[in-house]
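*Asks:* Residue numbers (the working numbering), protein chains in the order written: chain A, 111 to 658; chain B, 514 to 833.
Think of the hints as simulated: they come from the structure by calculation, not from any bench. Fair warning: there could be bad hints in the mix.
30 Å max Cα-Cα, derived BS3-like pairs, lysine-lysine [claimed, not checked]:
(1) K344(A) with K278(A)
(2) K480(A) with K411(A)
(3) K165(A) with K557(B)
(4) K557(B) with K254(A)
(5) K453(A) with K478(A)
(6) K672(B) with K161(A)
(7) K672(B) with K255(A)
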Amino acid sequence: VRRLRFRFHRPVALGLAAVLVLAACGGGGGGGEGEEGGGATRPTQEEGTPKPGGKITVALDAETDGWDPSQNRWAVAGYYVANAVFDPLVKQDAEGKWHPYLAESLTPNADFTSWTIKLRPNVRFHNGEPLNADAVVLHFDRLKKSFLTGQAFTPMERWEKVDDLTVKVTMNTPWSTFPYYLSRQGGFVPAPAQYNASDADRTGKPIGTGPYMFKEWVRDDHLTVVKNPNYWRKGLPYLDEITFRPIPDQQVRLAAVQSGDVQVMMTSDDQSIIAARKDRSLRLREEKTDEPAFFMINTAKEPLSDVRLRRALALATDQAQLNVLVGGGIRELATSPWSKGSKWYAESGWPTKPDPEEARKLVEEYKKEKGITGPVKITYEDVPTPTARQIAELVKTMWEKVGFSVSQKSVEQTEHINNALLGNYDIVTWRQFGSADPDYDYIWWHSSTAKPIGDLALNFARNKDPQIDAALDAARRTSDDAERKRQYAIVAKRLAVDVPYLWQTFTIWGIVSSPKVKGLYAGTLPDGSPLPPIHAGEVWLNQAWLEQ
Amino acid sequence: VRYIRRKLVQLAVVLAVVSAATYLLLNLLPGDPTLAILGPSATKEAQEALRAELNLDDPLPVRYGKWVGGAVTGDLGQSYITRQPVAEAIGERLPLTIELMLMAELIALAVAVPLGIIAGARPNGWVDRTASAVTFGLLSIPNFMLGVLLIYLFAVRWKPFNATGIDVWFSIGRGQVATPRSIFLPALTLAVGQMAVAMRLLRTDIIATLQQDYIQMARAMGLPNRRILLRHALRPSTFSLITVIGLNMGALIGGSFIVENLFALPGLGRLIVTSIYKRDYLLVQGGVLVVAVGYVVINFAVDLLYAVLDPRVRDARALA
Chain A
111 VRRLRFRFHR
121 PVALGLAAVL
131 VLAACGGGGG
141 GGEGEEGGGA
151 TRPTQEEGTP
161 KPGGKITVAL
171 DAETDGWDPS
181 QNRWAVAGYY
191 VANAVFDPLV
201 KQDAEGKWHP
211 YLAESLTPNA
221 DFTSWTIKLR
231 PNVRFHNGEP
241 LNADAVVLHF
251 DRLKKSFLTG
261 QAFTPMERWE
271 KVDDLTVKVT
281 MNTPWSTFPY
291 YLSRQGGFVP
301 APAQYNASDA
311 DRTGKPIGTG
321 PYMFKEWVRD
331 DHLTVVKNPN
341 YWRKGLPYLD
351 EITFRPIPDQ
361 QVRLAAVQSG
371 DVQVMMTSDD
381 QSIIAARKDR
391 SLRLREEKTD
401 EPAFFMINTA
411 KEPLSDVRLR
421 RALALATDQA
431 QLNVLVGGGI
441 RELATSPWSK
451 GSKWYAESGW
461 PTKPDPEEAR
471 KLVEEYKKEK
481 GITGPVKITY
491 EDVPTPTARQ
501 IAELVKTMWE
511 KVGFSVSQKS
521 VEQTEHINNA
531 LLGNYDIVTW
541 RQFGSADPDY
551 DYIWWHSSTA
561 KPIGDLALNF
571 ARNKDPQIDA
581 ALDAARRTSD
591 DAERKRQYAI
601 VAKRLAVDVP
611 YLWQTFTIWG
621 IVSSPKVKGL
631 YAGTLPDGSP
641 LPPIHAGEVW
651 LNQAWLEQ
Chain B
514 VRYIRRKLVQ
524 LAVVLAVVSA
534 ATYLLLNLLP
544 GDPTLAILGP
554 SATKEAQEAL
564 RAELNLDDPL
574 PVRYGKWVGG
584 AVTGDLGQSY
594 ITRQPVAEAI
604 GERLPLTIEL
614 MLMAELIALA
624 VAVPLGIIAG
634 ARPNGWVDRT
644 ASAVTFGLLS
654 IPNFMLGVLL
664 IYLFAVRWKP
674 FNATGIDVWF
684 SIGRGQVATP
694 RSIFLPALTL
704 AVGQMAVAMR
714 LLRTDIIATL
724 QQDYIQMARA
734 MGLPNRRILL
744 RHALRPSTFS
754 LITVIGLNMG
764 ALIGGSFIVE
774 NLFALPGLGR
784 LIVTSIYKRD
794 YLLVQGGVLV
804 VAVGYVVINF
814 AVDLLYAVLD
824 PRVRDARALA
């Protein structure tokens with residue numbers, strides 16, 4: 111499951127649009143600074159006044175393919191670099207609300223079928239080119255033409271320059287959440303010169319408007335950025351240089367911080383988080399994400415198409431035991447896609463306590479009805495990692511106790527995803543639904559995307575529930591959060607009844623840093639509103655500073 | 514000359530087989546590169562368009578033929594994902610991997626040769642017993658664990674070395690060479706396994722050589738022990754050691770894949786491993802080709818070295 115995290119995360123995050131990891135910004139730091147013209151400021155109380163200067167090295171969990179937002183795929187690690195070199199048109203605040211960022215304003219028409227994007231004046235790319243409507247139009251051209259990002263922006267029909275700083279986008283359908291999509295990969299605008307460069311330079315040498323300018327990239331070793339002295343957010347950034355280093359091994363990444371090679375690192379590894387909690391010489395900040403790990407069931411395939419068997423599996427699975435044995439017990443148990451801290455959380459009725467007796471009864475009932483003697487045969491699929499192996503052993507025992515016979519297979523990541531898409535599985539280990547807004551999960555849960563086995567279906571579990579459909583549609587039609595919350599509570603309850611997913615735990619992200627690095631978690635938007643301290647593993651380095 | 518020519522023909526055959534086999538195996542792997550590139554939300558249309566763009570629709574032999582045609586002229590194609598020319602990507606990574614392997618071999622020999630000689634000269638002495646116990650102990654620790662252990666000891670507790678990554682010493686083209694200090698820990702991790710084998714081998718051979726008649730003769734003539742050992746016994750005893758060094762290059766290459774990932778070094782092994790995950794066929798193919806050439810060439814060089822070390826081999830080949 112652990113490996114699945116970023117491997118799966120990457121395709122999903124991008125493919126369907128910003129979908130999973132929407133509100134990515136991290137908290138930045140420290141200092142008061144404002145919009146041009148002096149917006150609100152938020153001084154950091156406990157950390158003192160930011161001082162300019164200094165260099166830090168940041169360890170990431172993976173290398174990124176490249177820096178063309180229309181062609182490459184950015185997982186969490188990719189956004190660390192992208193946030194330094196580029197600026198997104200839109201950014202989300204700590205509450206998850208969107209704010210114009212590189213854009214000065216985004217204005218919809220009455221029915222959300224067109225959006226007018228006005229850009230900030232006097233912003234220049236690192237190569238001196240101005241940020242203007244032409245640059246944004248070129249960016250949208252590339253996004254729409256790309257195999258990767260084109261689908262996410264399907265509703266966009268026309269985009270045209272109105273004046274030097276204004277672009278009008280016309281949709282083929284009402285699209286009220288368009289700005290959120292511009293807060294992710296598709297909203298990071300590169301200089302026209304980058305788009306027009308050779309293939310290797312287009313993906314290898316990013317040119318943005320961001321607080322740091324690209325200096326050099328040695329793939330799999332490091333990417334260095336240096337301070338942009340002409341950054342449009344006056345007074346920012348504080349650091350002179352940041353070096354990003356992908357260090358794939360979790361233990362070694364932590365060791366790199368402990369040894370002082372690296373000053374900031376990200377991890378979603380429970381053992382590393384436990385180790386960092388014990389190390390008093392380091393700073394650790396944890397983020398409980400809304401991204402659950404779970405077992406996903408193919409509800410279109412015999413025998414688990416029978417809901418009684420799915421319920422039996424749920425009742426046979428000891429969530430708490432798995433959490434302790436595999437992750438050290440530090441995670442929150444999931445009962446729905448939303449954790450207790452989420453504003454979308456609602457009681458779902460999911461059984462967190464196992465009840466093997468009841469489970470056995472359900473299996474017996476099924477067997478009697480179908481005239482089956484012997485255990486019910488199912489196949490469990492995961493990816494070949496040590497953690498996945500441990501989990502497989504545990505669940506196999508739990509499920510076989512109540513009358514299943516479980517054969518287990520491990521497949522490589524791409525095939526794992528492929529099997530899910532095509533419905534070629536009984537039950538698989540999975541991690542998903544970490545998006546900032548539940549509407550982004552529409553496509554994973556709505557019956558319109560549940561295709562028959564053998565067809566590509568985004569509703570991987572192929573669960574069809576008219577009540578879920580109705581709730582998802584109703585939530586999409588309104589902007590009233592209270593009403594939306596009511597609708598998503600229905601979704602949570604129905605998912606507990608239909609059991610397409612056996613909920614497990616919520617991933618925890620940890621940021622481990624040297625105490626000398628300040629201002630990591632107190633970033634602000636130009637208008638002064640706070641950014642989330644960490645979101646889905648990302649921190650905002652653009653207001654970080656170094657105590658010297 | 515004839516000998517070299519025959520070896521070159523062998524080399525060509527080996528490469529043809531290796532490249533065809535990798536090509537075939539990669540294409541047998543489950544998982545579609547277009548899916549790896551586009552993600553799970555890829556539509557069928559997008560996948561098809563991308564397949565066409567990447568020439569994945571051509572039959573396998575045709576694709577292989579095109580690739581060989583390019584490879585012969587040094588054009589190994591372009592990465593599907595980074596769009597970087599494969600030859601360039603390999604050129605960036607190769608110097609570091611070669612440095613890592615050379616350094617590992619140097620460390621291994623620097624430890625194994627003196628210990629092997631002493632242990633061989635005094636079998637079952639305390640040096641022999643201690644060295645055997647320690648090297649075998651280390652041999653039984655897998656690379657990935659040993660690496661983590663070394664990092665904790667030498668980079669976290671005491672800090673003479675970097676935990677990960679390299680400091681650049683100088684560059685060869687676009688490839689980087691690390692300072693000896695910054696590559697020492699990974700090289701040591703890789704060297705440990707070699708050490709034990711090399712030491713044991715040298716020890717056994719020295720014991721055998723020391724029982725030869727001419728050594729007894731030298732002793733009878735009253736030559737000092739040290740001189741007998743270093744001048745007369747060492748050279749004939751290094752024969753199997755050299756063979757094993759050549760053959761062990763395979764283990765070193767495999768080990769470097771793990772060590773490079775562990776220590777986050779931008780070497781060839783890391784390139785190949787990440788490319789496999791991304792289904793970046795041409796990068797994997799190019800990388801494997803380079804590894805195969807390297808392996809064959811090294812063993813070829815070892816063959817030639819026999820002749821240098823042992824006049825009998827030279828003469829026998831001249832006669833043949």
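*Asks:* Run every hint past the structure and note whether it holds.
*Replies:* Do the hints match the structure? See the list:
Restraint check for K344(A) and K278(A): satisfied, since their Cα atoms lie roughly 28 Å apart, inside the 30 Å limit. Between K480(A) and K411(A) the CA atoms are separated by roughly 15 Å; this keeps the pair inside 30 Å, and the hint holds. Note on K165(A) and K557(B): the hinted pairing is violated, with a Cα-Cα distance of about 46 Å set against a maximum of 30 Å. The straight-line distance between the Cα atoms of K557(B) and K254(A) is roughly 17 Å, inside the 30 Å bound, and the hint therefore holds.
Of the pairs offered as hints, the one joining K453(A) and K478(A) is violated, with about 43 Å between alpha carbons and a cut-off of 30 Å exceeded. About 28 Å separates the Cα atoms of K672(B) and K161(A), which keeps this hinted pair within 30 Å; it holds. A threshold of 30 Å between alpha carbons decides the hint, and for K672(B) with K255(A) the separation of about 51 Å lies outside it, so the pair is violated.
The earlier numbered hints that this structure contradicts are 3, 5 and 7.
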